[in-house]
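Asks: Which chain is which? The protein sequence lines are V and S, in order.
Numbered per this note's numbering, the first sequence spans residues 93 to 542.
Numbered per this note's numbering, the second sequence spans residues 4 to 316.
Simulated from the structure, these hints should not be mistaken for laboratory data.
Being a predicted model, the structure only gives us computed values, none of them experimental.
All residues carry an ideal CB built from backbone N, CA and C; glycine is no exception.
Do not take every clue at face value.
Which chain V residues face chain S? A few, computed with CB under 8 Å, are given here [as the list claims (entries may be wrong)]:
id: 1; residue: Asp177
id: 2; residue: Ala179
id: 3; residue: Val209
id: 4; residue: Gln414
id: 5; residue: Trp502
id: 6; residue: Ala511
id: 7; residue: Arg514
id: 8; residue: His515
id: 9; residue: Ser516
Take a look at the letters that make up each chain.
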Amino acid sequence: MTLLPRRGLKASLISLVMVATACSSGGGQSAAPLPGCNSGTTQVLFWTSHTPPDTDSMKHTVDAFNKQSTTACVKMVAVPGSETDIAKLTTAVRGGTGPDVYELDRFTVAERAAAGVLTDLTPFGAANESANYLDFAWQEALFKGKPYALPFDTDARALFYNKDLMQAAGVDPNALDISKGAPTIDTVRTIANKLNKKDSSGKYTTVGFVPAISQGWHYTWGFAYGGSFFNASSCKVTPDDPKIVQAFKDMFWDWSSSLGVDQLQTFISTYAPTTPPLPTEQDAFLTGHIGMVITGPWVLSWFPQYQPNLHYGITYIPVPHQGDQSATWAGGWSVVIPKGAKNAKGGYEFMKYFAGEPGQRVYTKETQHMPTWKTLLTDSTLYQGDLKIFVQLLPTAHSRPALPVGSLYWDQLSTAQDAAIRHSKDPAAALKDAATATNDKLQQYCPLAS
Amino acid sequence: MIAAPRLGRFRLSPEDRRNLRTALPFIAPWIIGFLAFTVYPIVYSLYLSFTHYTGFGDATAAGFDNYQHMVKDPLFWQSLSNTLYYAALAVPIGLVVAIALALMMNQNVREVAIYRAAFYLPSIIPLFALTFIFIVLLNPGFGLVDFLLERVGLPAVNWLGDARWTRISVVLLAQLGAGGPALIFLAALRAVPTELYESALLDGAGPLRRFYKITLPLITPVILFDLIYGTILGIQIFTPAYVLTGGTSGGGAYTAGPENSLLFFVYYLYKNAFQYSDMGYASALAWILFVISVLLALAIMRWSRYWVHYEAS
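Isolated chain V (complex conformation) (with noise of 0.2 Å):
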């Protein structure tokens, strides 16, 4: 028999020791209330991906939860992470220190909660909850007809237009005034032609209008054209629809053709490059570089801060043909508990505070998103100047499919939408293309019962 020597024993007990203390450090949530808590409480670790201004305001919902709350005492935390990367928030809860409540754009809540990530809210009552909110961020919030989100902010796209720039090229701001309803395409592609300036070196300085720039996705294209992403019945994605690959060709192909392929990706990564995006200070519309941008109503507090004496104004986004109706979509971010959480109980009472009424005021009323909470949205006091706009917009605003493969599906319509501008691959073979990739994930998902 051998025995370890001693010297050995001494050494491997020390090694366990030495591993024992790196593994333990580090785990554990400390048990004393933070300051503004009350005592007795239990701590609420909330996640969320957003940056300031949001964060400002989503501080103030916090401070006024932990304030009131005898239960939990919420503590938020900014990590890395954006509408469809949460490898951050993936690795924690698979290493077990996931926080206990996490934002998570709506429109992926179904393929999180198909990948096993997020904790099902019934056992909570979350289904009651319903009637509260908008129906479409209801919608978003479901997988499988069962609630694993409370819906958070919405949002709407409009056109939003530089009076100054108009004026000075000759063109009257009052041809795009709102209550003459939804300019055409042809309409803005002829103001916007007054407006692209170049410099000595033949390189753009000002470009009047460029349907891709900030909202002007796939998506917000695709509606405009009446085309429909997707077919509950054969249960397939549908980014081929004729009508989308017409709006592909008018606003992305066409548009690049002439403008210039080359002069106008130059002008992109110059003034308004989404690799990384400038800061917001720097935006391209706020800075005069751009005459008229497809945006949201988040851009409204930009206004004030950084570019108070600049003259815009806002319509309806532009309609194939006269007379058609306008369309638009609205997104928008939730709150979820992630699977493995540690204060499920604490982290739901603080989700129906923060996406609930007093939450959503306060975030309306800071940030200038809109609620998803119905009755606030006929409190006239919460919206002022052009928010109003946005808020009459909602009622018709279509909302992306929540499907299992949502951000996948993104991903393919945003490739086709680059090879469109680039006039690399032809729409029609790019969407039917970004249609076979996204078909062939989503198959293992249906039927999808809802």
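The hints should help you fit chain S onto chain V, whose structure is shown.
Replies: Relative to the frame of chain V, chain S by itself:
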């Protein structure tokens, strides 16, 4: 005559065994760490590559589904070709830049320490920060690089907005990290015996001839090391593409650079794992990358027989 050590059988004397028993517990933390954090994930990822798995719940057996899907997945092929294109440029260019830097660092001048620090400095800046600086330098409207190009009469290039140039931009960016390999080359240069140069000088060899006939052959083992190391790192390129394409910032492009030209293999793997919750497919991709790495390393090793000179032989 000294007997050659017997390599055929590995025999431990009682003392060796005692020493081993004493040593093992000391290195146990490393062994445990290696088994838990390296060996286990490798084996587990092989298993996962034959399943459908979101990262949560149970993995369901999928046979060769993931590997079959790869064959008809256009983004798999695009990411592979992007990566090989990048490595084919970045590795040889990196080698030349590193040797050139090492030669400069090896000059017999008084301020050489300052030069060494200056050349090495960019390679210790985090790649994340370096990439952000690069974005500003490469802006086609007000970036320094295009400004200089236009000054000398060359056309401006849309470095990050034109699919033909994006990968070349990343190759250029990678050169800022050449200080690390240059340091290894510097050590190799210092190890070349000076008497060889002296006798070559007496025979009337010029600086170029001395470099090609003495320096280069004697540093070939280090060149081989750098080639293999650079290739393995090169095909794992991720960070610059992630940062350049907006990575985690909301409102990013959602394509990996123009026409997905920066969709490198590991970036596509990352997207599958963490954006599309497809850990099975991501694991399969990882194994294919591993196989490609091994094949490339073996090919370079075999090729090296023709040009690497070892001093001993």
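Asks: Work down the list of hints and note, for each, if the structure agrees.
Replies: Evaluated hints:
Hint status for Asp177 of chain V: holds, given a least beta-carbon distance of 5 Å to chain S, under 8 Å. Proximity of Ala179 of chain V to chain S holds as hinted, the smallest CB-CB distance being about 4 Å (cut-off 8 Å). Look at Val209 of chain V: its Cβ gets to within about 6 Å of chain S, closer than 8 Å, so that hint holds up. Of the supplied interface hints, the one on Gln414 of chain V is violated, with its beta-carbon coming no nearer than about 33 Å to a beta-carbon of chain S, more than 8 Å.
Restraint check, Trp502 of chain V versus chain S: the minimum CB separation of about 6 Å is within 8 Å; hint holds. Interface hint at Ala511 of chain V: satisfied, since its Cβ lies 6 Å from the closest Cβ of chain S, which is below the 8 Å cut-off. Interface restraint check: Arg514 of chain V against chain S, minimum CB-CB distance 6 Å, threshold 8 Å, status holds. The beta carbon of His515 of chain V comes no nearer than 10 Å to any beta carbon in chain S, farther than 8 Å, and the hint placing it at the interface is violated.
Evaluation of the Ser516 of chain V hint against chain S yields a held restraint, the C-beta minimum of about 5 Å falling below 8 Å.
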